[in-house]
Every structure is written in structure tokens, then in C-alpha cells.
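Going line by line, the protein sequences match chains D and C. Numbering that gives the first Met the number 0 applies: residue 0 is where the first sequence begins, and numbers increase by one. Numbering that gives the first Met the number 0 applies: residue 0 is where the second sequence begins, and numbers increase by one.
By construction, these hints were calculated from the structure, which means they are not laboratory data. Where is the CB? At the ideal position from N, CA and C, for every residue including glycine. Misleading hints may appear alongside valid ones.
Far from chain C by the CB rule (all over 10 Å, computed), these chain D residues [claimed, not checked]: (1) Leu251; (2) Phe421; (3) Pro422; (4) Gly424; (5) Asn464; (6) Glu469.
Derived lysine-lysine pairs resembling PhoX-like cross-links, with alpha carbons at most 20 Å apart [stated by the list, open to error]: (7) D:Lys468 with C:Lys21; (8) D:Lys452 with C:Lys337; (9) D:Lys447 with C:Lys376; (10) D:Lys376 with D:Lys447; (11) D:Lys210 with D:Lys127.
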Amino acid sequence: MTYPGRVMSFLLSRRSALQTLAGALCPQAGQPQGKPDRPNILFIPVDDLNDWVEDFGGHPQTVTPNLHRLSQQGVRFQRAYCQAPMCNPSRASLFTGLRCTTTGVYKNDDTWRDGAKSVVTLTEYFRKYGYRADGLGKTFHSKQTDYSCFDSYFQGDVDDNATGLPDGAKPRKLKGAAKVLQWGGIDVPEEQTGDTQIALEAVRLLKAGYKQPFFLAPGFRKPHMPWYAPKKYFDKFPAESVKLPPYLENDLDDVPRSAIHRNLVDHFHAIRDVGKWKEAVAAYLACINYVDANVGRILDALESSPYRDNTIVMVWGDHGWHLGEKDHWQKFTLWERSCRAPLIVRAPGTKGSGDCHRVVEFLDVYPTLIDLCGLPKNSKLEGRSLKPLLDNPSATWDGVGITSDGPDKITVRTERYRYSRFPDGEELYDEQADPNEWTNLARRAEAKPLMEKLRRELGSRLPVNANRKEPRSWDSLSAAEKRRLRGRS
Amino acid sequence: MNRRQAIAALSAPAILKAQRRKLNVLWILGDDLGPFLGCYGYPAVRTPNIDRLAGESARFTHAFTTAPVCSASRSAFNTGVYQTTTGTHNHRSHRNDGYTLPAGVRLISDRFRDAGYFTANVLDLAPGVRGIGKTDFNWQAKKPFDGTHWNQRAKDQPFYAQINFIAPHKGASFTESRKQKNLVNPATVPLPPFYPDHPVVRDEVANYCDAVHLLDMQVGVTLDLLKKDGLLDNTAIFFFGDNGRCLIRGKQWLYDAGTHVPLMVRWPEAVAKGSVREDLVSILDVTAQSLECAGIPIPENFHGRPLFGSKAKPRDFVFTARDRCDMTVDRIRAARSKRYKYIRNFMPDRPYTQFNEYITQQYPTQRVMKELHAQGKLNAVQSLFMADRKPPVEFYDLREDPHEIRNLANSPAHKAALAEHSARLESWIKETKDKGEIPETRETIEREEPRAKDAPKA
Numbered sequence: 000m001t002y003p004g005r006v007m008s009f010l011l012s013r014r015s016a017l018q019t020l021a022g023a024l025c026p027q028a029g030q031p032q033g034k035p036d037r038p039n040i041l042f043i044p045v046d047d048l049n050d051w052v053e054d055f056g057g058h059p060q061t062v063t064p065n066l067h068r069l070s071q072q073g074v075r076f077q078r079a080y081c082q083a084p085m086c087n088p089s090r091a092s093l094f095t096g097l098r099c100t101t102t103g104v105y106k107n108d109d110t111w112r113d114g115a116k117s118v119v120t121l122t123e124y125f126r127k128y129g130y131r132a133d134g135l136g137k138t139f140h141s142k143q144t145d146y147s148c149f150d151s152y153f154q155g156d157v158d159d160n161a162t163g164l165p166d167g168a169k170p171r172k173l174k175g176a177a178k179v180l181q182w183g184g185i186d187v188p189e190e191q192t193g194d195t196q197i198a199l200e201a202v203r204l205l206k207a208g209y210k211q212p213f214f215l216a217p218g219f220r221k222p223h224m225p226w227y228a229p230k231k232y233f234d235k236f237p238a239e240s241v242k243l244p245p246y247l248e249n250d251l252d253d254v255p256r257s258a259i260h261r262n263l264v265d266h267f268h269a270i271r272d273v274g275k276w277k278e279a280v281a282a283y284l285a286c287i288n289y290v291d292a293n294v295g296r297i298l299d300a301l302e303s304s305p306y307r308d309n310t311i312v313m314v315w316g317d318h319g320w321h322l323g324e325k326d327h328w329q330k331f332t333l334w335e336r337s338c339r340a341p342l343i344v345r346a347p348g349t350k351g352s353g354d355c356h357r358v359v360e361f362l363d364v365y366p367t368l369i370d371l372c373g374l375p376k377n378s379k380l381e382g383r384s385l386k387p388l389l390d391n392p393s394a395t396w397d398g399v400g401i402t403s404d405g406p407d408k409i410t411v412r413t414e415r416y417r418y419s420r421f422p423d424g425e426e427l428y429d430e431q432a433d434p435n436e437w438t439n440l441a442r443r444a445e446a447k448p449l450m451e452k453l454r455r456e457l458g459s460r461l462p463v464n465a466n467r468k469e470p471r472s473w474d475s476l477s478a479a480e481k482r483r484l485r486g487r488s
Numbered sequence: 000m001n002r003r004q005a006i007a008a009l010s011a012p013a014i015l016k017a018q019r020r021k022l023n024v025l026w027i028l029g030d031d032l033g034p035f036l037g038c039y040g041y042p043a044v045r046t047p048n049i050d051r052l053a054g055e056s057a058r059f060t061h062a063f064t065t066a067p068v069c070s071a072s073r074s075a076f077n078t079g080v081y082q083t084t085t086g087t088h089n090h091r092s093h094r095n096d097g098y099t100l101p102a103g104v105r106l107i108s109d110r111f112r113d114a115g116y117f118t119a120n121v122l123d124l125a126p127g128v129r130g131i132g133k134t135d136f137n138w139q140a141k142k143p144f145d146g147t148h149w150n151q152r153a154k155d156q157p158f159y160a161q162i163n164f165i166a167p168h169k170g171a172s173f174t175e176s177r178k179q180k181n182l183v184n185p186a187t188v189p190l191p192p193f194y195p196d197h198p199v200v201r202d203e204v205a206n207y208c209d210a211v212h213l214l215d216m217q218v219g220v221t222l223d224l225l226k227k228d229g230l231l232d233n234t235a236i237f238f239f240g241d242n243g244r245c246l247i248r249g250k251q252w253l254y255d256a257g258t259h260v261p262l263m264v265r266w267p268e269a270v271a272k273g274s275v276r277e278d279l280v281s282i283l284d285v286t287a288q289s290l291e292c293a294g295i296p297i298p299e300n301f302h303g304r305p306l307f308g309s310k311a312k313p314r315d316f317v318f319t320a321r322d323r324c325d326m327t328v329d330r331i332r333a334a335r336s337k338r339y340k341y342i343r344n345f346m347p348d349r350p351y352t353q354f355n356e357y358i359t360q361q362y363p364t365q366r367v368m369k370e371l372h373a374q375g376k377l378n379a380v381q382s383l384f385m386a387d388r389k390p391p392v393e394f395y396d397l398r399e400d401p402h403e404i405r406n407l408a409n410s411p412a413h414k415a416a417l418a419e420h421s422a423r424l425e426s427w428i429k430e431t432k433d434k435g436e437i438p439e440t441r442e443t444i445e446r447e448e449p450r451a452k453d454a455p456k457a
């Protein structure tokens with residue numbers, strides 16, 4: 000760390016009265032502290048949210064009026080791809096602006112700070128330039144949240160609304176298929192549920208007001224499992240009338256063996272075989288609707304605040320989610336269903352709106368926000384600013400979406416194709432003709448030249464990191480080391 | 000000096016004298032030590048102490064262990080019988096099932112004890128320099144050693160001792176070695192052609208070299224101590240590794256990188272100082288020679304043979320075997336002559352990179368290779384190890400191809416040589432009653448290796 004943000008944050012999280020003092024002590028004291036004309040940022044990660052969002056075409060029955068309202072005023076990135084189809088590496092990549100292939104952080108158990116030792120993360124960068132960063136809920140992968148990246152942190156009910164669960168269930172303790180069979184409407188006042196607590200705290204912060212530009216990051220934990228939410232959200236989605244996602248028998252016959260996550264196939268079958276597929280789909284829709292309502296609370300507060308016209312709003316899912324498509328449940332795969340997630344950006348002063356079909360990556364978030372706020376460029380970042388697309392969503396763009404599941408499985412998405420490489424084979428899908436990825440073209444002779452081109456494309460986008468250090472297993476670290484890495488030593 | 004000359008150089012009176020004086024026998028082992036040593040011509044390391052030892056010893060350039068992994072290899076050279084014959088061939092097996100060695104097979108330390116020797120698995124040598132007392136036998140041995148230092152022996156009693164150093168094994172010695180001064184510069188380590196040139200790969204190889212430095216320091220301290228104790232003239236010292244280097248495509252595999260080890264024998268009154276032996280040697284021959292040094296008769300069932308003297312007989316082949324390593328089931332056998340290596344993969348559908356927790360956690364190079372392979376950045380040679388199956392047969396011309404990267408299994412020009420090696424392996428399997436032919440049951444594997452239950456499927 001080259002600036003004393005970590006130390007400061009320790010003070011700040013306790014004593015808000017010290018905020019202004021700390022601001023004055025910042026090494027950038029020579030600069031005006033947080034130029035008042037700099038835009039604010041409302042940055043909303045949503046855990047496990049796939050494209051079942053209105054205007055993203057994932058599910059015809061999804062109800063997300065608040066996300067719809069936001070996206071009507073901004074740009075919907077219809078082809079935004081995460082760098083890893085699971086929490087920790089996806090979020091680490093977004094916060095560090097570095098690819099998994101650069102940091103070696105591929106899995107939930109990889110210690111992301113090991114792979115990004117001297118990296119200034121997204122919120123740290125903004126704080127360096129006078130922003131106040133308030134984190135709420137789930138921003139980084141929960142276990143590995145680095146609190147020193149924020150001025151304050153509000154957790155909310157981390158126990159996934161466990162209060163009021165039927166039969167006193169403890170969803171966190173369950174393993175395997177039993178874990179994915181947990182959902183239902185709960186009879187708990189909404190203000191006591193985790194995500195609503197987060198939304199209300201964000202509203203409180205907005206109402207209390209900021210003396211400097213802010214980076215407000217309320218991260219929602221739903222629709223991550225277990226799917227419990229206030230009953231009224233479940234009442235809107237009767238299981239019997241729910242439409243199931245597209246599904247093809249024998250869909251996995253033409254894919255490499257290591258592309259398949261056998262346990263996730265088992266999870267899906269466990270649900271389907273007890274006749275609960277529709278119920279589960281309804282539960283996911285209900286949880287999305289619940290999160291949408293909480294996004295709405297914050298948007299409403301923003302609209303009625305002095306920051307309305309000077310705040311960038313960004314909503315993003317950390318990766319997609321399977322609900323039976325390609326015979327899988329959950330995430331972790333390298334298919335469109337896992338790699339694609341919604342990204343909505345409303346940025347004051349940009350000229351475009353509507354759908355953007357260019358391929359972008361969540362890696363681009365960091366440089367985009369810097370660019371939109373007029374901060375100096377960070378030359379270490381591997382993504383690129385999406386500002387040109389926010390001005391003109393159909394601008395020429397040569398982005399590709401690269402997603403890794405561990406070091407040995409990787410996929411690249413272009414506007415037309417998806418090419419994936421596994422230890423035991425390859426995949427090629429024509430997304431235009433086959434949006435469900437039902438036909439793997441990799442073994443067809445006529446696909447050879449295209450595959451060769453995509454292979455080269457993939458290699459050329461991935462630089463070798465000369466300072467790479469392999470990340471340690473998070474679970475193997477001592478409690479003291481974990482505390483240190485979370486900025487709580 | 001060729002083998003016959005060397006053998007002849009050992010005079011009969013010397014042997015007689017040795018027997019009269021009851022020679023001490025000391026084994027000094029590096030754990031996972033391949034010949035990454037100055038005296039073996041490896042350029043990136045500085046091993047002045049081991050090189051000094053080599054200057055006072057006969058140095059063997061073609062010594063091979065019988066297994067590419069600690070417990071199986073140690074189970075063999077501590078008995079003088081192939082691990083595949085005694086049923087101790089699976090890595091870390093028979094730890095809790097009451098398994099004992101077959102009739103007639105005994106620990107070498109027991110044989111020394113019967114001959115009046117004090118036996119020791121040496122621990123503390125000097126502050127910061129200690130053996131770890133490793134045995135790692137794939138059976139349950141009752142009190143294999145009498146003590147932990149030769150100085151615990153009775154007056155005038157001869158000793159047989161092992162110093163089992165942990166370096167350059169992964170883990171503590173890798174970490175510890177990085178605290179030394181003058182670390183190896185990763186930019187200078189030579190990489191075999193099957194490794195990609197990547198910072199993580201260089202760092203791992205350099206770390207291995209640093210760990211060899213640590214071992215070298217410890218060997219130096221040991222030699223000084225032996226000198227101080229006045230033992231250098233009356234002790235036959237065998238310095239070797241239990242299997243090849245703990246780097247990917249080394250340990251656990253039957254390429255030379257996994258079974259080729261340094262071997263030096265320092266025996267001043269019988270072995271010419273600084274001599275070099277280029278003949279094929281099995282580490283089991285160390286066991287046989289050790290008994291010979293003590294004048295203990297070599298049992299009939301021994302697979303080793305003496306290295307010196309009239310009973311020494313040149314080998315035209317050495318045989319090596321790989322079986323289950325932790326949770327990773329495989330069976331591979333190899334017959335190696337001076338010129339060729341014949342490898343038979345009995346489970347070709349299992350890839351080289353099938354899941355092994357130790358490798359996954361301790362070999363960052365494999366991770367990087369998988370990564371670069373996925374990105375299409377490995378060349379054909381580097382991709383060999385990433386293949387999703389193994390060829391049933393691998394055949395290498397070691398003279399032309401020391402890194403074993405050009406498989407000649409289908410080469411018409413090598414048909415006869417291949418057939419000869421194959422036949423020799425076949426008869427070795429029969430003659431030594433290779434127990435690897437009987438697969439373990441799933442229950443056995445899961446009892447011995449509970450982690451196998453949770454391991455990702457191949």
C-alpha cells in the first residue's frame with residue numbers, strides 16, 4: 000500500500016467526526032478535496048443475478064420495474080461478461096481491474112489479495128481522489144471483503160434472513176442438494192430482512208448527505224441461495240403458472256467431459272425429480288423481485304436527493320445462473336448462462352441510451368468509472384472505458400468477453416460466437432443461430448479456420464504477468480492472517 | 000573408469016580389513032533430490048559441500064530409484080526388495096491395517112542390529128541442522144531404529160545410521176530456503192523444454208535450487224561433525240536421494256526426472272576418491288552394498304547387488320514402478336537401459352494431470368501450464384503433459400532425447416529395441432511377482448486415503 004488509506008479507514012469507520020480531519024491529512028492534500036463537481040457513484044452489485052431482468056430477455060415473467068425504470072434512462076449492456084463465473088474471482092477482477100489470468104485468482108478459495116498485492120482497488124482509487132466510499136452488504140466475496148477499501152462498512156443481516164425460516168432451518172449449514180432445495184416466503188417484517196436493511200442504510204446515508212463526492216456501494220445478497228424473502232414477493236409468482244427455461248434432453252452429449260459440473264447436474268436433477276423445478280424458478284423470480292424493490296428504495300432516495308443529476312448509477316450481476324438450462328443448476332460453468340450478467344449504467348452527461356450489443360467485460364467497470372469521473376488514468380488496468388459506448392451504444396467496438404473457470408478452462412465470447420477450451424476438448428457455438436448453445440460445432444470440419452482464429456484471438460488478449468504470485472488457499476490461512484487481509488488487524 | 004575396472008580396483012585385502020574393523024555405515028538422504036548439483040554439472044546451483052563429498056567419493060552418474068515417490072521408494076531401499084514385490088508400492092499405504100512385510104523380507108536396520116550394530120535415524124546434528132527421522136514405510140514397523148544419533152552407541156560398537164534430511168522436499172524446506180542469503184536468480188535457471196518460460200515456473204525451479212542449497216549447508220555441517228567425531232576414515236557414507244526432483248513431470252513419474260538421483264559412496268580405504276561410475280545402478284544396490292560393507296551376507300531374495308567387489312555384477316536394465324500416489328490411481332512400469340527408456344502406461348485413459356491434491360497445492364507450475372494450455376500458449380512439447388490421455392507405450396532414446404519428449408513407440412527403426420525392452424519388463428513383472436497387477440478396491444483406497452472420496456473425478 001502506498002497511501003495510508005488503510006489506517007485512515009480504521010479511524011473513519013468508528014468516528015465519523017474524524018472524516019474531515021482525515022480528509023485534510025490525505026497525501027493528496029495539495030489537491031482540492033473531492034472537487035464538488037465530480038459525479039457521485041451509486042454502485043449496486045447484485046449477487047447471482049442472471050439476465051432475468053426486464054429488458055434483458057432472460058425470462059418473460061420476471062418483474063423488475065425499478066431496474067426497468069433505471070435502464071430506460073441509461074444504457075443496457077446486453078453482452079456483458081464476467082471474468083469468472085463465481086463470486087470471488089469475478090468480483091476481485093472487477094475491483095482490481097485485472098484478469099484472472101493475470102492475478103491467478105480463479106476460485107472462491109483463492110486469496111485475491113495474494114494475486115493483487117500492490118494493486119489499488121476501485122474504491123481505494125476513488126478514495127485517493129477525495130471520494131468517500133461506503134460499502135454495504137456484499138461487495139467483495141463476503142469472506143474476503145477488504146474493509147480497508149472503504150471508509151465505512153455496513154453488513155446487514157448476513158445470515159440470509161435466517162430469522163423466521165420454517166422449522167428454524169439454518170441454510171448455511173446445509174450441503175449438497177439439500178442446500179439448493181431451500182426457498183420460500185417468510186413471515187418477517189421486511190425491514191428485518193438483509194437486503195432491505197442494506198437498502199434502508201443506503202437511503203439513510205443519502206439522506207444524511209455527503210460533504211464530498213461519494214462512492215456508495217450497497218451490494219445485495221439475493222438472489223443468491225437460499226431463496227427466502229418476504230412472503231408477498233412469493234405470492235406474485237404462483238409456481239403452477241411459471242414458464243420453465245429452455246431445456247434440451249441430452250444437451251450435454253456433445254460437450255467435453257470437464258465442461259460439465261457433475262454436482263450441479265445432480266442439484267438440478269434433485270430439484271426436477273421431486274417435481275420442484277417450477278417452484279424453484281418461481282422462488283428465483285420472487286427473490287429478484289425482492290431485490291428490485293430494494294434497488295427501487297435507493298433509486299427513490301436518490302431521485303429526491305440533491306445528488307439526482309450528478310450521480311452515476313451502475314447495477315451489475317457478478318455472473319449468471321442456470322435454472323436447468325444445459326442440464327445445470329447454479330453458476331460455475333463457461334456457458335452463456337453463467338458468463339453473461341446484466342450491466343446497467345446511467346451516467347449523467349453521456350449521450351446514449353437503450354441497448355448496447357457490443358461485447359464488454361466487467362473488467363471494464365473500473366476504467367469506465369474513472370473516465371466518467373474525470374480521474375487520472377490508471378495505467379495498470381486491463382479493461383477499457385465504456386464511455387464511447389455510453390455516448391453511442393452502437394459505436395464500433397472490438398471487445399471480447401473472456402471468462403475462466405480455474406486455470407485450465409477458458410472461454411471467449413465475440414458478438415457472434417463462443418469458443419471454449421477445456422483440458423479434454425473444445426466448444427464452439429454460433430450464438431446467433433443457437434442462443435441456447437445446444438449445438439457444439441467444435442468437431443465440424445468447416446469450423447476449423449474459425450476455431451483457429453478464435454484461439455489466436457484468445458491468446459493475443461492475455462498478457463503474461465511477470466510479477467505473478469500464486470494465491471494461497473483462503474481457508475488454509477490463519478485467523479490472524481485473514482484479519483490482516485481484511486484490513487482489520 | 001568403467002565398471003569392470005572400478006570393481007577390479009577394489010582390492011580384496013581392503014574388504015577383509017573393513018570386515019575386521021567393523022565399518023560404520025551411514026546413509027545421508029536428500030528428500031526428492033535429483034542431481035541438481037554442481038558436481039553433476041547443473042549450472043544454477045552452488046553446492047560446495049556436496050561437491051567436496053563427491054571429490055572424496057565414487058560418484059554414480061546413472062543411479063535410479065525403484066519408485067518416483069518417497070514412501071514406495073523408501074519401502075524398497077530399506078529392505079533391498081522391490082516395493083512391488085513386498086506389496087508396499089502404493090504411496091502412503093498400509094498405515095493402519097496391520098500389514099507386515101512378507102516372510103523373509105526385513106528392514107535393513109534389523110539386519111544390522113542382528114550383526115551387532117547400533118542403528119540410528121539421526122535427528123539433531125547441530126543447532127538448526129537436523130534429520131527429520133523420516134521412515135515413511137508402507138507397512139507398520141516396530142521400532143526400526145535404536146536411537147537418534149550415532150553417539151548414543153556403546154563404546155566400540157559399530158553403527159548403521161540414516162540421516163533423512165527434509166530438503167529439498169516441498170513445504171518447510173522450500174519456505175525455509177528462501178530465508179538464506181544469495182538466492183538463486185530465477186532468470187538463470189535452465190528450464191527443460193517441456194516447461195513454458197513463465198515467471199511462476201522459473202520461481203518454482205529457483206526455489207527448488209534454493210532448497211538444494213539448504214541441503215548442501217546441512218551436508219557440510221554433517222561432514223564437519225563426522226570429522227570432529229573421528230569417523231570419516233572408518234565409515235562408509237552413501238549419499239543419495241529417495242526419488243527425483245519435486246517439480247512437475249519429475250516426482251511421481253517414471254521419466255528420469257522422477258527416478259534419477261545422485262549417488263556417492265565415500266569409503267576411503269576401498270573406493271578411489273573422485274572416481275566416476277557411469278554404469279546403471281539401482282538404489283537397491285546401495286542396500287546390498289551396505290550389508291556387504293558390514294560383512295553381513297546378502298539374502299537370497301535381495302533385488303539389489305553390491306556396487307563394488309567380486310559380487311558386483313553390471314546391470315543392463317533398471318526397473319521402475321509408479322502406482323497409486325495418495326488419491327491418484329495409476330500404474331506405470333518402466334525398463335531403462337543405458338540408451339533407451341520403455342514406459343508402459345497400464346491406465347492410458349487417465350491423464351498425467353489427473354487430480355492429485357499434493358500436486359495441485361504444491362506445484363504452481365502445473366497450474367500455470369494448465370492455464371497456458373487453455374490459452375493455446377504451450378508448444379507441442381509443453382502440451383505433451385497436458386494430454387487428456389497417455390499413450391499406452393512410451394519409448395525414448397535417451398542419448399538423443401534426454402528430456403524424453405520424442406516418443407518413438409511407433410518408430411519402425413526402433414521396433415527391435417522396443418520389443419527387447421518390452422520383453423524384459425514383462426519378465427521382470429513375472430520374476431519379481433509385481434503386486435501392482437492386483438488393483439486395490441475402492442474401499443481399500445478410501446480407507447487408506449479418505450481424501451479420495453472428495454477428490455474430483457478423473
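Hint check:
1. Every CB of chain C lies more than 10 Å from the CB of D:Leu251, the least distance being 15 Å, so the non-interface label holds.
2. D:Phe421, annotated as away from the interface, has a beta carbon of chain C within 10 Å; the closest lies near 8 Å.
3. Annotated as non-interface, D:Pro422 brings its C-beta within 10 Å of a C-beta of chain C; the closest such distance is 6 Å.
4. Against the 10 Å criterion, D:Gly424 falls within the reach of chain C, whose nearest CB is about 8 Å from its own CB.
5. With a minimum CB-CB distance of about 7 Å to chain C, D:Asn464 fails to clear the 10 Å threshold, and the non-interface call is violated.
6. Some Cβ of chain C comes within 10 Å of the Cβ of D:Glu469; the nearest lies about 4 Å off, and the non-interface call is violated.
7. Annotation: proposed proximity of D:Lys468 to C:Lys21 is violated, straight-line Cα distance about 53 Å (limit 20 Å).
8. This hinted pair does not check out: D:Lys452 and C:Lys337 have alpha carbons roughly 45 Å apart, beyond 20 Å.
9. Taking the CA atoms of D:Lys447 and C:Lys376, the gap is about 18 Å. The hint holds against a cut of 20 Å.
10. For the hint linking D:Lys376 to D:Lys447, the alpha-carbon distance of about 40 Å lies beyond 20 Å, and the restraint is violated.
11. Taking the CA atoms of D:Lys210 and D:Lys127, the gap is near 16 Å; set against the 20 Å cutoff, the hint holds.
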